[in-house]
Amino acid sequence: MRAYTPKDNVQKKSYYTDRYWIAPQVAKSKVSDDKVFSEDLEAIKKAKIKVLDSYIQVEQMVVYIKPEDIVKTLQLLRDECAYTQLSELSAIDWISQRGGFEVFYQMLSMSKRKRLRIKCFIKQDESIESVSKLFRSADWSEREMYDMFGVKVNNHPFMKRILMPDDWEGHPLLKTYPLQGDEFASWYEVDKIFGKEARDIIGPEIRDSARVDRYDTERFARLGHEVAKGVEFNPDEEKKPLAYQEDDGVFLIEGFDEDKSQIISDRKR
Amino acid sequence: MAQHQVNYMQDGGLPVALTSIDKLVNWGRSNSLWALTYGLACCGIEMMASGASRYDFDRFGTIFRASPRQADIMIVAGTLTKKHAEFIKRLYDQMTEPKWVISMGSCANTGGMFNTYATVQGVDRVIPVDLYLPGCAPRPESLQYAVMLLQKKIRSQKAIKTQKPKRLM
Ligand code: SF4
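One line per chain: the protein sequences are A and B, in this order.
Take 1 as the starting number for the first sequence in my numbering and just add one per residue.
Take 1 as the starting number for the second sequence in my numbering and just add one per residue.
Simulated from the structure, these hints should not be mistaken for lab results.
Ideal Cβ positions, reconstructed from N, Cα and C, are used throughout, including at glycine.
A portion of the hints provided could be inaccurate.
[To be verified] SDA-like mimics (lysine to any residue), calculated; alpha carbons at most 25 angstroms apart, straight line:
no., chain 1, residue 1, chain 2, residue 2
1, B, 152, A, 160
2, A, 119, A, 155
3, B, 23, A, 254
4, A, 152, B, 118
5, B, 83, A, 168
6, A, 192, B, 41
7, B, 99, A, 252
8, A, 160, A, 171
9, A, 192, A, 173
10, A, 260, B, 89
11, B, 153, A, 246
12, A, 50, A, 121
13, A, 72, A, 171
14, B, 89, A, 198
15, A, 50, A, 71
16, B, 153, A, 121
17, A, 72, A, 159
[Stated by the list, open to error] Residues of chain B placed beyond 12 angstroms of chain A at every Cβ, according to the derived structure:
no., residue
18, 34
19, 51
20, 52
21, 53
22, 63
23, 66
24, 68
25, 83
26, 97
27, 116
28, 122
Looking at chain A on its own, in the form it has when it is part of the complex:
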């Protein structure tokens, strides 16, 4: 585990510097400890599906299989073991450590009240077979997996991006993708709407949300100093009092007079 560092100077120094922090593992137990799960695992093994690894973690069974067996396994679990729901499906980026993705399928059985997870490992340039014919929920999950990680899915009815725009470049959930976007991302809206020539006029993104420039009347206006947008700012200008109407009132509009107002104390009146 990571050594403890005092956090009382967080204002001075950010402590979120460890980008690849590896979380400590939750304890695993053997599948034979649980009767229901050992029966499910037996059924998988009986169907001649090669099980690479299996254990129970946080009351859920995790089974590693080969990627080519995925459709067969999920069909078996759905039809014979009562795992009727595929609640989640996505990938985990292990490219730098192991050169590929771990794809997981989270299954739920309402009748057995159990959850299990099927996992398989694919190389970076490999693709995986779609399970959307078995589970309708897999349709969008597989599209999301493609969108976020670039994992291609074979025999999918509509293999397109789902969250990012169609003309997006890169896959944002990869560990190598910067959180604040690469160059393409940071200029995306400018390039698309105004064209590349407009980059100089509009300028780069300002990501410092605490930035205030009192002389910049294009982007900033301050109460009591209402100047029109883009007008040259005069620092000696007299400060105007805060008011929502002009001093001499507004034509045909009656201003609010506190003396004429009434405060209702009885709410049920």
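Based on these hints, arrange chain B with the ligand on the given structure of chain A.
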């Protein structure tokens, strides 16, 4: 005839009020600011609350319209994603002149806490903004105050002038 003479300038004469055309037009414009419903995220909920009966936006003449053709102001309430940026530009272009934009909340002003690849870092990168309203989310009172300030701004403008088309470029 003298006994029937009407003093138009006095009370009880014909109902005449003298004003300049500017003031009259701006009075009309500033008190019927129809807003385009543009709730993009959580700030949109506060914008809806301002429109509902408790805060009652209608008394300002601000009525929400679901069509850009009928709207005078666009209250950008919420997080503008990069995917949506081209549509906000298109809707802004479809609004008829004169038009104004209020950028409501930190997300619309600067991208707010979403300092990420998918969020436009301030709507003013795409459309010109007249008034920035800080807060996350701003309360309905502050949105109404923002509209009042915008009314004040409209009243200080010349009504009859060739409206400079408000393009970023
Ligand atoms: S400024 Fe805050 S309340 Fe408004 S949309 Fe952004 S996160 Fe939501």
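Okay, the hints, checked on the actual structure:
Simply put, residue 152/B and residue 160/A have alpha-carbon atoms about 48 angstroms apart, too far for the 25 angstroms limit, and the pair is violated. Distance restraint check for residue 119/A and residue 155/A: the Cα-Cα separation of roughly 20 angstroms lies within the 25 angstroms cut-off, and the hinted pair is therefore satisfied. Taken as a hint, the residue 23/B and residue 254/A pair is honoured in the structure, with Cα atoms around 15 angstroms apart against an allowance of 25 angstroms. Under the criterion of a C-alpha separation no larger than 25 angstroms, the hint pairing residue 152/A with residue 118/B is consistent with the structure, at around 22 angstroms.
Between residue 83/B and residue 168/A, the direct Cα distance comes to roughly 9 angstroms. Compliance with the 25 angstroms bound is thereby established for this hinted pair. For the suggested pair residue 192/A and residue 41/B, the alpha carbons sit about 23 angstroms apart, so the restraint of at most 25 angstroms is met. Note on residue 99/B and residue 252/A: the hinted pairing holds, with a Cα-Cα distance of about 23 angstroms set against a maximum of 25 angstroms. Of the pairs offered as hints, the one joining residue 160/A and residue 171/A holds, with about 13 angstroms between alpha carbons and a cut-off of 25 angstroms not exceeded.
As the CA atoms of residue 192/A and residue 173/A are separated by approximately 23 angstroms, the hinted pair is consistent with the 25 angstroms bound. About 45 angstroms separates the Cα atoms of residue 260/A and residue 89/B, which puts this hinted pair outside 25 angstroms; it is violated. In summary, the hint linking residue 153/B to residue 246/A is supported, as the alpha carbons are separated by about 10 angstroms, within the 25 angstroms threshold. A hinted pair counts as satisfied when its Cα atoms are at most 25 angstroms apart, and residue 50/A with residue 121/A qualifies at roughly 13 angstroms.
The hinted pair formed by residue 72/A and residue 171/A fails the criterion: a straight-line CA distance of about 29 angstroms is larger than 25 angstroms. Our distance criterion of 25 angstroms between C-alpha atoms is met by residue 89/B and residue 198/A, whose separation comes to about 15 angstroms. Of the pairs offered as hints, the one joining residue 50/A and residue 71/A holds, with about 13 angstroms between alpha carbons and a cut-off of 25 angstroms not exceeded. For a cut-off of 25 angstroms, the pair hint linking residue 153/B to residue 121/A is broken: about 62 angstroms separates their Cα positions.
Annotation: proposed proximity of residue 72/A to residue 159/A holds, straight-line Cα distance about 21 angstroms (limit 25 angstroms). Against the 12 angstroms criterion, residue 34/B stays outside the reach of chain A, whose nearest CB is about 18 angstroms from its own CB. Look at residue 51/B: its CB is around 19 angstroms from the nearest CB on chain A, clear of 12 angstroms, so calling it non-interface holds up. Remark: the non-interface label on residue 52/B is consistent with the geometry, its nearest Cβ contact in chain A lying 19 angstroms away (cut-off 12 angstroms).
Against the 12 angstroms criterion, residue 53/B stays outside the reach of chain A, whose nearest CB is about 16 angstroms from its own CB. For residue 63/B, the requirement that its beta carbon stay farther than 12 angstroms from each beta carbon of chain A is met, with the minimum near 17 angstroms. The non-interface label for residue 66/B is consistent with chain A: the shortest C-beta to C-beta separation is roughly 23 angstroms, beyond 12 angstroms. For residue 68/B, the condition that its CB be more than 12 angstroms from all CB atoms of chain A holds, with the nearest at approximately 16 angstroms.
The claim that residue 83/B lies off the interface is violated: its Cβ sits roughly 5 angstroms from the closest Cβ of chain A, which falls inside the 12 angstroms cut-off. Once the 12 angstroms rule is applied to beta carbons, residue 97/B is consistent with being away from chain A; the minimum gap is 16 angstroms. The non-interface label for residue 116/B is inconsistent with chain A: the shortest C-beta to C-beta separation is roughly 6 angstroms, within 12 angstroms. Against chain A, the non-interface label of residue 122/B is violated: not every CB pair exceeds 12 angstroms, the least being about 7 angstroms.
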